[in-house]
Amino acid sequence: MFSFRRFDRSTTLFVGLLTVAFLVATFDVRSHGVGLGETMREGAQVLFAPLQRAATAATRPVVGFIDGLSDIAGLRDENARLQDRVDELESQIQEQQSLQNRLEELEAINDLEPPGQLSAIPAQIFSLGTSEFNHIRWINRGTADGIALNQTVIDEDGLVGSIDFVTESSARVRLITDVRFGVGVRNLETNELGTISGRGDADLQLRMFNAEKPVARGQLLVTDGTRFPAGIAVGTIVASAETAAGFLLETTVSPAIRVSEIEFVKVIVGWSPLDAVGEGDEPQPAPNAPVIGQ
Amino acid sequence: MRGRDVVFALTVAIFALVLQSTVFAEGRIELFGASPDLTILAVIATARHLEPEPALLVGFTSGLFADLLGGAPLGLWAIALTVVAYVTVRLRARSDHGLVAIGVGVLALTAIGEALFALTGTLFGQRLLMSAGVLRLIFLPAVWNVALAGAVLPPISKVLARDRTRSWRP
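Respectively, the protein sequence lines represent chains A and B. Converting from the first sequence to our numbering requires adding 231 to each position, the first position being numbered 1. Converting from the second sequence to our numbering requires adding 179 to each position, the first position being numbered 1.
No lab work stands behind these hints: they were computed from the structure. A portion of the hints provided could be inaccurate.
Quick list of in silico lysine to any residue cross-link-like pairs, SDA-like style, CA-CA up to 25 angstroms [said to hold, decoys possible]: (1) A:Lys497 <-> B:Val202; (2) A:Lys497 <-> A:Ala288; (3) B:Lys337 <-> B:Arg269; (4) A:Lys444 <-> A:Ala475; (5) A:Lys497 <-> B:Lys337; (6) A:Lys444 <-> A:Val490; (7) A:Lys497 <-> B:Arg269; (8) A:Lys444 <-> A:Glu481; (9) A:Lys497 <-> A:Asp388.
With the rest of the complex left out, here is chain B (with noise of 0.2 angstroms):
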C-alpha cells in the first residue's frame, strides 16, 4: 500500500466534510428534508481499494473529524464509519461491482452508518433516536448518496486502482 493513497483518502474525506459542513448539510441544500451524506460516501469510495488496515483507520479517522467539527460525543461518528469501513472491506471481495451491486451496497452501507450514529447516539445520552423523521434521517440521504455514487465513485477509483493489481479481488 502506498503511503500516497492513504494521503489523498484522507483528502477526500477532508473535502467531503468541508463540503458536508458548509453546503449539503441541515438548513443548507437539502431535498425532501434531507442532504447526502458525502462523508460515508468518501469512506466508501476510498474503502474499496485501500488496503484493509489503512480502509479502517481513514474510515476512523474521518469519523474522529466528523465528530470533532460536530455536535455530538467524540467517537460516535468513529463508531459509524470504522464500521461502514469494515462492511465495505469485507463485502468488495465478494462483489462483482456491477452497477447494481454497487448501487445496493452505497445505499446499505449509508444507512447502517446512519442508523449506527443514531443509535450509539441516544445509547450516550443524545435522544438522537427522538429526532422527528428519524426514518427520513437515516435513509434518505442514503438515496442521495446513492444519486451521487456515479459521479464521486468512478473518479476515486480511477485514482486509486490506477498502477495496481487489486490484491483484493478474487
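This is chain A alone, in the form it adopts within the complex (with noise of 0.2 angstroms):
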C-alpha cells in the first residue's frame, strides 16, 4: 500500500501536471497555435513524421488488405451502380459534347479567355489524427514547397479540407468532416449560397439562409469563391429540404470526397479569397464555372 507521504506526493503532482496542461491549453488557443505551440509541433515532426512514413509504408498492404475484406461485400452492389453511373456518364458526354461545341462558339465570338489553370502542389498523406473526434491528416509537404496556411486541398473528388498548419516539410489539413471546419456552398442547381459545416463521422450539415428554392436530393454543392476558388465539388444532398420556419433551410449532405480512400491530395497555390473579390464587389458566385472533382 502506499505511504501517505508517497500518496501526497503523487497527488500533488497530479494536479501541478494538470495545471500546467490547462495554462499549455489556455495559451495555446489565445495564441491560435503559433508562438511555442508552433516550435514544439514542427519539433514533433521532426521526431514522429518519419517514423510514421516507415509505418505507413511498412503496414500499407496490411490496411489494404483489411480494406479490401471489408470492402467485397458491398462489391455486387457497387458494380450495379457504376454500371447506371457509365449510362448515365454516357449520355451526359453526349451533352456535354454539345455544350463544349457552344461555348467554343461563344469564346470565340466574345474573345473571352479560357480560365486560366490554377497551380497546384501533389502531395501524398503520411498521418492521420490521434483522436477519432479531430479529422486531420499530415502531408509530406510544407513550406518549403509553397505550402501556406489556408490553402485549399482538393483531390478527384472535390474539396479535401484546408492547410491549417504547416512546417517546412510537412502540413497539417483539416478535413471538411472536422466539426471545426466550415466552407461556403453553390447549389449548383438553384444557384442559392449556403453554407456546410463537418460533424464528424456523419454526413456534413447544410444550412440555407432565406433559399427561396427548396433543394432535392442528389443536387450538386460546389464551393461559391469566398474562401476557396469556386467550382469545387464539395457534396450532394441526401434528404431533400425546404425553407422552415420561414427563413431556414437545414439538411445533411454527402461528402464528395470519400474520407476513409484519400491518399493522394493537391494543394493549391497562387489563389487567395482575394482573388474572388473585384475593388469594392462582393464575392460573386460563378454559375458556369467549371466544377473540380464530377
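Please assemble the complex out of the two chains, which come individually in their own frames, going by the hints.
Structure, rendered in C-alpha cells:
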C-alpha cells in the first residue's frame, strides 16, 4: 500500500501536471497555435514524421488487405451502381460535347480568355489524427514546397479541406468532415448560397438562410468562391428539404470525397480569397465555372 | 524506479502513438466506425507497474505527444492521459488483478480518457461534443481496448514487473 507521504506527493504532482496542461491549452488557444505551440509541433514533426512515414509504408499492404476484405460485401451493389453511372455518363458526354461546341462558339464571338488553370502541388498523406474526434491528415509537403496556411486541398472527387498548420516539410489538413470546418457553398441547380459544416463521421450539415427554392436529393453543391476557389465539388444533398420557420433551410449533405480512401491530394497555391473579390465587389458565384471533382 | 523502465514506458507510448496515427485511426482500420485508442492502452499498461510519479509523467508526456500530432489545442490529451494514469495508479492497489477487474478497468479508463478529451475540447471551443455519434466515439474505443488488452498488457507487464517486487501491492 502507498505510504501517506508517497500518495501525497503523487497527488501534488497530479494537480501540478493538470494545472500545467490547462495553462498550455489556454495559451495555445489564445495564441491560435503560433509561438511556442508552433515550435513544439514542428519539433514533434521532426521526431515523428519519419516514424510515421515508415509505419505507413510498412503497414499499407495490411491496411489495404483489410480494407479489401471489408469492401467485398459491397462490391456487387457497387458494380450495379457503376453500370448505371456509366450509362448516365455516356449520355452526359454527348450533352457535354454539344455544350463544348457552343462554348467554343461563344468564346470566339466574345473573344473570351479561357479560365486559367489553378496551380496545384501534389502531396501524399503520411499520417492521420490521434483521435476519432479530430478529422485531420498530415501531408508530405510544407513551406519549402510553397504550402501556406489556409490553402485549399482537393482530390479527384472534390474539396478535401484546408491547410491549418504547416512546417517546413509537412502540413496538417483539416478535413471538411471535421466539426471545426465550415465552407460557403452554392447549389449548382438553384444557384442559391449556403454554408456547410462538418459533423465528424456523419454527413455534412447544410444551412441556407432565406433560400427561395427547396433543395432536392442528389443536387450538387460547390464552393462559392469566398474562402476557396469557386466550383469545387463539396457534396450532394442527401435529403430533400425546404425552408422552415420562414427563413432557414437545413439538411444533410454527403461529402464528395471518400474520406477513408484519400491517399494523394493536391494543394492549390497561388489563389487567395482576395482573388474572388474585385474592387468594391462582393464575392460573386460563378454559375458557369467548371466543377472540380465531378 | 529504474530509469530504463521509464524509457521503456515512453517507447511503448511513442510506438502506440505512431500506430494510432497511421493504422488505427479515423479513416483507416475501423470497426463499426471506431478504432482502439492505443495511446490510452499504453498508458494504462505502463502505469500499472511504474511508481506513481513516473507513471503520471509518462501519462502527461504521452498526452502532450498526442496533442502535438493531433488537431486539437496542446494540453487536452495531456489532461486526459494524466487523469488516466492517476486513476490507474490509485485503482491498481485495490485490484486483485483478476481478468474481469482488469477488463472493467481498461473499459472504464479508456471511456474516461475519451470523454475527458471531448469535454475539455468543447470547453476550449473545439465543438468536439458536437461530433455525430459522440457516445459511440467514447465507448467503442473502450471496447476495442478491452479486446486488445489481452495481447498488449501481458508482455508489458512481463518487462516492467520482472526482477522487482511490486511495491504498490498491499
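Problem - Pair hint outcome, A:Lys444 versus A:Val490 [Cα-Cα no greater than 25 angstroms] - result: violated (30 angstroms)
Practice task
With a cut-off of 25 angstroms on the C-alpha distance, tell me whether A:Lys497 and A:Ala288 pass.
Solution key: Distance ~20 angstroms between A:Lys497 and A:Ala288 Cα, so the pair holds.
Problem - Straight-line alpha-carbon gap A:Lys497 to B:Arg269, limit 25 angstroms - result: violated (49 angstroms)
Problem - A:Lys497 paired with A:Asp388 [C-alpha distance capped at 25 angstroms] - result: holds (11 angstroms)
Handout entry: Pair hint A:Lys497 and B:Lys337, alpha-carbon separation not exceeding 25 angstroms
Key = Not satisfied, since the Cα-Cα distance of roughly 47 angstroms exceeds 25 angstroms.
Problem - Pair hint A:Lys497 and B:Val202, alpha-carbon separation not exceeding 25 angstroms - result: holds (22 angstroms)
Handout entry: Pair hint A:Lys444 and A:Ala475, alpha-carbon separation not exceeding 25 angstroms
Key = holds (11 angstroms)
Handout entry: Hinted pair B:Lys337 and B:Arg269, Cα distance within 25 angstroms
Key = holds (21 angstroms)
Problem - Proposed proximity, A:Glu481 with A:Lys444 (alpha carbon, max 25 angstroms) - result: holds (13 angstroms)
When the structure is compared with the earlier hints, violations turn up for hints 5, 6 and 7 and for no others.
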